[in-house]
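Participant: Given the structure of chain A, go ahead and fit chains B and C onto it with the hints provided.
Chains as they are written, first to last, in my numbering: chain A, 1 to 201; chain B, 202 to 413; chain C, 414 to 842.
Calculated directly from the structure, the hints in this document are not laboratory data.
A portion of the hints provided could be inaccurate.
[Said to hold, decoys possible] To list a few chain A residues with every Cβ distance to chain B over 10 Å, as calculated:
{"id": "1", "residue": "Phe-85"}
{"id": "2", "residue": "Lys-152"}
{"id": "3", "residue": "Gly-153"}
{"id": "4", "residue": "Phe-154"}
{"id": "5", "residue": "Arg-157"}
[To be verified] Listed next, the stretches of chain B that the computed footprint assigns to chain A, with coverage defined by at least 3 CB atoms under 8 Å from CB atoms of chain A:
{"id": "6", "region": "207 to 216"}
{"id": "7", "region": "219 to 233"}
{"id": "8", "region": "274 to 288"}
{"id": "9", "region": "291 to 305"}
{"id": "10", "region": "313 to 324"}
{"id": "11", "region": "375 to 382"}
Computed from a predicted structure; not experimentally measured.
Glycine included, every Cβ here is placed at the ideal spot set by N, Cα and C.
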Amino acid sequence: MAIATNFWIWIAALLTLAIYSFLYKDNPFYKFAEYLLVGISIGYGVSVYWHNTIITKVYNPLVYDKNFLVLIPLLLGLLMFSRFFKNVSYLSRIPIAFVVGAGTGLSVPSSFEFLFKQVYATMPLKLDFGSLIIVVGVISTLVYFFFSLEHKGFVGRVSRVGITFIMVAFGAAFGYTIMARVSLFIGRIQFLLSDWLGIIK
Amino acid sequence: MLKGKGIPIFITFLVGMIMIISFFIPHKPFGDIEKISLNWYSIIAGFTMLLGVDSLIGMHFRKLKRKDENWFFSLVLILGFTATVVVGIIETVRFGTAFDDKSYFTYIYNYFIVPLQSTMFSLLAFFIASAAYRAFRARNFDATLLLITAIIVMLGRVPLGEQISPYLPKFTEWIMQVPQMAAKRGIGLGISLGALGVSIRIILGIERSYLS
Amino acid sequence: MLKRTLLLIVFLILSISLFSENDGLIFLENQTPFEEFAITGKDIPNDGGGGIEIEWSFPDSLDNFFLTVLRKDEAGNNSIVATDLLVSSKQVRDVSSEEDPSRVKDGTKYYYTGILSKKMVDENFLNMLISKENGYSKNGIYIFNNDTFYVTAETDAIISKASWFNLSRIPVVISLILISFVFLYYLNLAKSGKELYIRKINGLDAVEEAVGRSTEMGKPIMYILGIGYVTDIPTIAGLTILSRVSKKVAEYETKILVPSYDPVVMTTAQEVVKEAFTEAGRPDLYNKNDIMYITQDQFGYAAGVDGMMMREKPGAVFLQGLFFAESLILAETGHSIGAIQISGTTETAQLPFFVAACDYTLIGEEMMAASVYLQKEPMMLGSIAAEDLLKVFIMVLIIVGFILSIFAYGFNIGIFKNLFDLLVRALQV
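For reference, chain A alone in the conformation it holds in the complex (with noise of 0.2 Å):
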């Protein structure tokens, strides 16, 4: 194999190094990868947003199926508009005031399923020296989210259980993680040796 003569390769070889060489420190040419990016994937943003939401949820909706429930978050969108107009920019609190709305009322439900799911998940469904130990986890880490008491004498020691347990688990999704991300690396890697380069295959 022999080094890449596509002129698409070339700009992404040299996009990839331009970003590697922020890890030695910021430069012109990490500066240009790095508002080159942002430039360019907003204006993708701006594509992908017009195709599917302006035609696809709100013309098609509307001009073909006669949706007209579309209607309403037409005008809260154009709402927000509001605030290019220093006089009348509080009508934009009526569209943050319903997504907000939203957020908070879908999560109270949801939050409720995934309470029960976890109880229901920490029941002891066999009897093993594991099933003690997940029991005895989930309490002391519940505990240690105890707000509205001091954590001394007995409440603190077990608190002091909860924040052990939180470390193993936090310590075990780092070690579980660590080889996923270094073979991102090697991914790259070997886009630069052998799409680029032609060094390998």
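Facilitator: Chains B and C in isolation, oriented as in the chain A frame:
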């Protein structure tokens, strides 16, 4: 009246209550309300995108005009944005959709955005190493515990671990299934209670800092 | 000789194909592979309509056979519900979907038939069965191209309907009502002036110090809300903490930068900061352009925020909200510029990285309670006390469950088994 906080707080309350009630009513239109509201969010966000573009491009235009230190890069950003949008429009006219396989718009995505994204992502290999090194140097009990568990789990998941001791992968599995799971559930229970608290404070209008 | 042989071969091939096309079908009416060979169907309970569940229970020896389900509606139109399901899967759902929203109409009568076969069902055979002329009214054994297909009788008419109440969620309704009472009780208690305590949360006492030190060094504060939307609770919690932090920022007369990922989050953050500056009596210091949009691309956002950190060199960095893989990219860069970092998220997969790279980390619920800690208003403290009472309730539930299971399975006592089962079933939603 509209200028005060009253109406927005009432809207939050009303919308929040409808969302809660609809969880228990599968019948139309309540059954689809989650899907509908997420759909509506994306429509509102689609319009608000214009405010975002105004904010970002406006900032870089000002930098360009003032000939700030990094004005050249601001120019790169603005040109990148404009070029992508223009190419998007041209290719939409040419292919009917900008997302066609042969369109230059797709090329921009594949050869600019994808390598930049995945290289940024792969920086994590270095950052995770430096974070681990720092945990190694912090000489307190919690950090040491975190690090030791991390090392055991990391080794337990690679072939080398099996060679060190055949028990290592099994022990790793046990860590993931028992103590890790226990703490994750405890944290999860706390999070759902916390989310309930945040939601109730906002729906009842006790927390209103998001409205000015 | 050669010509004749060739011709013979051609004839043979032709005759085979003729045979397989026309004479391939043998039908034995009313024959079944085993007794009670049938499928059943019912309306899916507790749904919004547009769904029917088809079930079957065949002998275990047939687990590796295939079942294809066909449907006839009251107008006589046939359609395929699913082909080649493994018999061991026991059930399949016929539902309306995004692509076909009127597939199952509420109130219409539907009749279902199953086809059992050892090999995957033959397409020609299937087309023959669902063609309008033939229909599949007859149940029995069909032998087609030497493959055997067992066809069940039609089910009775099945009608889908929408429910007005999801009965399976009754435990949730009950606990929602109970929990509402707990919250109302504590909110009332708070109103009546009873003082409520909140424990120390590491990291939140450092907010003042972080803002103060940044101001002394003449550096701005950076507040990163992550990549969530305003409908995500961690983002909302992040916004409430932003409100308290920006109040401090206004008091110290310094600057706060909020690079945003979602335009609605940006707009809301602008409102939050403006309100906080007004409350602190310094609306003149508020600058809308300090709360700016970056991009909705995850790593584009990470690159942009990293660059901003390197150039603006904030003295304190807050990472509060919903974070995914970009968490460590941001936190390590923040560490490298020597900023005091206070992070918090609900993503358990990202918390280890924050713990390793930041000075202080708010774990899960601590982050949700942070805005209360920073403001300490009685009503808000009341809601935290209510959360704690619920924790006690959950712990009791888990301990009771554990004790029941010891008696049920450790000592094998029947009544405890029933009680344990009852508890477990109530938790299944």
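Participant: Taking the hints in turn, state whether each one holds.
Facilitator: Right, here's what the structure says about each hint:
no.: 1; hint: Phe-85; result: holds (12 Å)
no.: 2; hint: Lys-152; result: holds (19 Å)
no.: 3; hint: Gly-153; result: holds (20 Å)
no.: 4; hint: Phe-154; result: holds (18 Å)
no.: 5; hint: Arg-157; result: holds (14 Å)
no.: 6; hint: 207 to 216; result: holds (count 8)
no.: 7; hint: 219 to 233; result: holds (count 5)
no.: 8; hint: 274 to 288; result: holds (count 12)
no.: 9; hint: 291 to 305; result: holds (count 3)
no.: 10; hint: 313 to 324; result: holds (count 12)
no.: 11; hint: 375 to 382; result: holds (count 8)
In this structure, every one of the numbered hints holds.
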